[in-house]
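Colleague: The lines below spell out each chain.
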Amino acid sequence: MPETEKNAKQEAVIQLIVFRLGDEEYGIRIEQVKEVTITPEIARMPKTPSFVKGIANLRGDIITIIDLEERFQLRPAGEELVATTYTLAIEAKDYTIGIMVREVPQPLSIPVSIIEKAPEFIQDINIQDKYIEGIAKINGRIVIVLDMLKLLTPAEIMQLQPKGESSAAASRTKA
Amino acid sequence: MKSREQEYREIFMAEALEYYDAMSRHISELERNPADEPALNELFRLMHNLKSNARAMGYTQIGEAAHHMETIFGLIRSKDMTFTGPVVTVLFDGIDTIGEMIRAVGADQEASDISFLLENLDRLVRGESPILEDTQEEEEANRKLELSDLVYIQIKKLDHLLNLVGELIIDRDRVLTLSQEIGNPALMAAAAHFSRIADDLQYSVMDARLVGVGSLFNKFPRVVRDVAAAEEKDVELTIVGEDIQIDRNILQIITDSLLHLVRNAIGHGLETPAERIAAGKTGQAHLTLSAQTERDDVLIQVIDDGRGIDVESVRRKAVERGLVAAETAATLDPDAVRSFLFEPGFSMAKQVTEISGRGVGLDVVKLAIDSLGGQLRVDSVMGQGTTFTLVLPTSIAVKGALLFVLDERNYAIPLMHTDSVVSLMPDDFHVVGGMLLARVQDENLPVVPLRRLLHNGDGPLAPASKAELNGRQDIIIVNYSNRKLGLIVDRFLRQQDIVIKPMSKPLDTIDLFGGVTLLGSGQVCLVLDVPALTRLFLARRP
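Sequence lines, in order, name chains A and B.
Sequential numbering from 0 applies to the first sequence in numbering that gives the first Met the number 0.
Sequential numbering from 0 applies to the second sequence in numbering that gives the first Met the number 0.
What the hints contain is simulated information worked out from the structure, not anything from laboratory work.
Beta carbons are placed, not taken as given, at the ideal position from N, Cα and C, and that holds for glycine.
Be aware that a few hints might be false.
[As the list claims (entries may be wrong)] Per the computed footprint, the stretches of chain B lying under chain A, defined by three or more beta-carbons under 8 Å from a beta-carbon of chain A, are:
1. 49 to 63
2. 508 to 516
[Claimed, not checked] Calculated lysine-lysine pairs in the DSBU-like style (CA-CA distance at most 30 Å, straight line):
3. B:K155 <-> A:K33
4. B:K500 <-> A:K149
5. B:K156 <-> B:K504
6. B:K465 <-> B:K156
7. A:K33 <-> B:K465
8. A:K92 <-> B:K155
9. A:K92 <-> B:K500
10. B:K465 <-> B:K483
11. A:K149 <-> A:K33
12. A:K33 <-> B:K500
13. B:K465 <-> B:K155
14. B:K316 <-> B:K280
15. A:K116 <-> A:K149
16. A:K33 <-> B:K504
17. A:K149 <-> B:K504
18. A:K92 <-> A:K33
19. A:K92 <-> B:K156
20. B:K280 <-> B:K50
21. B:K504 <-> A:K92
22. A:K149 <-> A:K92
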């Protein structure tokens with residue numbers, strides 16, 4: 000018996016941080032999460048897509064805060080998030096970014112084997128990198144596992160918006 | 000402050016001692032393995048450098064010794080001599096003597112007599128055998144190991160130090176604010192002390208990064224000579240204020256700009272001797288590179304006494320290029336017209352020469368100066384010459400800024416680009432062509448509510464109307480490339496030194512903001528970039 004128990008333990012387990020967006024639960028690998036905090040005061044940045052909420056001071060680091068519900072239209076347009084929100088600080092490739100969520104995110108350990116590949120057609124065809132790593136079913140719950148590093152590329156966040164019309168190049172053509 | 004001579008001497012000492020150490024190492028390697036060619040080449044190179052440095056500094060004896068040694072190493076390299084027997088002894092002796100002479104310079108002593116060494120070296124060259132003395136024992140007793148008083152440091156490390164100090168200054172403000180709020184006397188005393196030390200540290204780090212402008216200026220005599228020769232002009236260069244200190248990275252960034260301005264001045268600004276004499280000037284043209292401090296800024300000027308800028312021809316060209324409507328152009332004052340020179344692709348060169356007019360214009364210079372938060376100005380009198388002035392911050396870390404409030408948020412605008420602040424009543428405004436104009440100090444300025452400029456989409460601004468102005472309006476007048484623009488804000492806050500952190504990714508592509516700063520309260524404050532803001536206004540004006 001101890002043998003089989005040992006085997007079970009050796010099966011790869013991943014730890015996720017699970018949070019709610021709209022009506023669904025999403026998970027991120029815990030290594031990609033730097034910290035979870037009550038959303039700090041945000042300074043709005045003009046000239047950014049509206050789901051980019053602005054920038055905030057997180058222990059001396061200035062980070063960008065985004066609202067994924069708005070990004071993926073998971074809540075009726077025009078409706079704002081609840082007053083108190085939490086921010087997941089995610090370590091992207093060479094910067095940290097904050098994701099606003101409405102409830103305290105919870106840790107969850109699951110065996111890697113229960114993560115099923117997402118059907119191809121679910122993937123957003125507009126986005127080159129597939130950021131949905133898979134879908135995990137745990138006791139009737141469904142958790143969508145995201146690969147944040149693919150989701151949070153600068154081009155994706157800025158929606159491939161060119162430098163903005165304030166840049167010299169644009170004003171040159173307009174002048 | 001140390002005199003320049005003393006500073007140069009210290010630098011010479013540091014380098015010379017380093018050369019000496021390297022020579023001692025390489026000659027030992029060569030002794031172990033006389034076929035070690037890299038060591039031999041290195042010795043030859045080090046001797047050559049030491050010779051040049053010593054001669055430039057006027058230490059002729061060191062120069063002479065190095066010169067003779069270099070000759071011998073050259074002979075060994077070309078296989079005309081072998082590194083064996085008495086040659087080895089004499090060369091070791093020579094390097095030791097050079098070491099002694101360098102130390103004598105450091106200790107401000109007269110150099111010892113080296114005629115004996117030189118004689119031996121000459122004998123070697125002539126193929127005679129040198130006179131060897133038995134000095135080994137005495138030398139051993141006198142041998143000292145020394146470490147240099149100067150350290151070389153990578154600029155990267157200084158950058159890191161400066162960033163850390165920047166963070167510290169933000170925390171210092173925070174601690175000061177908190178201690179005042181809490182009001183505990185012991186805490187306040189400790190915070191005040193902490194604040195003083197943080198200040199000292201900041202200035203020490205900033206000071207460690209300062210270099211003399213001369214380190215850049217001194218490269219120009221050669222540049223001017225070459226360019227003048229190619230352009231067949233006779234130019235005398237005067238350099239003023241090479242002792243003025245400035246942050247090394249700023250100097251690095253303006254290097255290309257200064258080169259461009261000097262080439263331009265010689266290529267376009269200055270006339271040929273024949274033209275000058277015909278115009279009643281001296282045949283030799285004058286070019287001055289000058290540096291001076293003005294409050295916290297450093298002014299670098301490139302002054303020529305050439306033909307000057309023809310404002311009317313610039314005006315015509317600006318209209319031709321479609322930069323401005325003909326009727327507007329006619330009303331612009333000379334300063335405004337000259338600022339067209341900084342527009343991309345605006346070159347006055349009638350023909351492309353080797354030196355200037357290769358399509359890279361003053362706009363590149365302008366961008367470089369903008370990136371530093373500096374200003375570029377041009378003054379010119381027809382027939383008398385042109386002056387380009389670069390107004391640069393001494394240091395990149397700390398900048399004076401004006402804080403203001405817009406929509407309950409704090410913003411900062413660098414003082415470098417702020418002309419003045421005024422408060423005006425609605426009656427002081429006029430609407431002309433859909434734009435608000437205000438009369439300030441005998442000048443009509445375009446004024447725009449900053450809120451509309453920042454938030455209203457990308458299209459042209461809706462025509463302005465006086466109806467939207469209620470009560471007293473706080474206006475910040477910014478100045479960028481001789482263009483003034485009034486920005487209506489909600490409320491002025493105060494003037495403060497701020498440490499600008501670059502905008503973090505992925506928002507660093509938004510050029511409207513030069514960065515962010517943290518206020519003492521811990522609040523994030525966006526720092527507006529005036530050049531980008533001015534360009535945005537020009538692109539969106541109704």
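Colleague: Each hint needs a verdict: does it hold in this structure or not?
Modeller: Each hint, compared with the structure:
no.: 1; hint: 49 to 63; verdict: violated (count 0)
no.: 2; hint: 508 to 516; verdict: holds (count 6)
no.: 3; hint: B:K155 <-> A:K33; verdict: holds, 27 Å
no.: 4; hint: B:K500 <-> A:K149; verdict: holds, 27 Å
no.: 5; hint: B:K156 <-> B:K504; verdict: holds, 22 Å
no.: 6; hint: B:K465 <-> B:K156; verdict: violated, 54 Å
no.: 7; hint: A:K33 <-> B:K465; verdict: violated, 50 Å
no.: 8; hint: A:K92 <-> B:K155; verdict: holds, 22 Å
no.: 9; hint: A:K92 <-> B:K500; verdict: holds, 20 Å
no.: 10; hint: B:K465 <-> B:K483; verdict: holds, 20 Å
no.: 11; hint: A:K149 <-> A:K33; verdict: holds, 16 Å
no.: 12; hint: A:K33 <-> B:K500; verdict: holds, 21 Å
no.: 13; hint: B:K465 <-> B:K155; verdict: violated, 52 Å
no.: 14; hint: B:K316 <-> B:K280; verdict: holds, 28 Å
no.: 15; hint: A:K116 <-> A:K149; verdict: holds, 16 Å
no.: 16; hint: A:K33 <-> B:K504; verdict: holds, 16 Å
no.: 17; hint: A:K149 <-> B:K504; verdict: holds, 15 Å
no.: 18; hint: A:K92 <-> A:K33; verdict: holds, 12 Å
no.: 19; hint: A:K92 <-> B:K156; verdict: holds, 24 Å
no.: 20; hint: B:K280 <-> B:K50; verdict: violated, 43 Å
no.: 21; hint: B:K504 <-> A:K92; verdict: holds, 10 Å
no.: 22; hint: A:K149 <-> A:K92; verdict: holds, 9 Å
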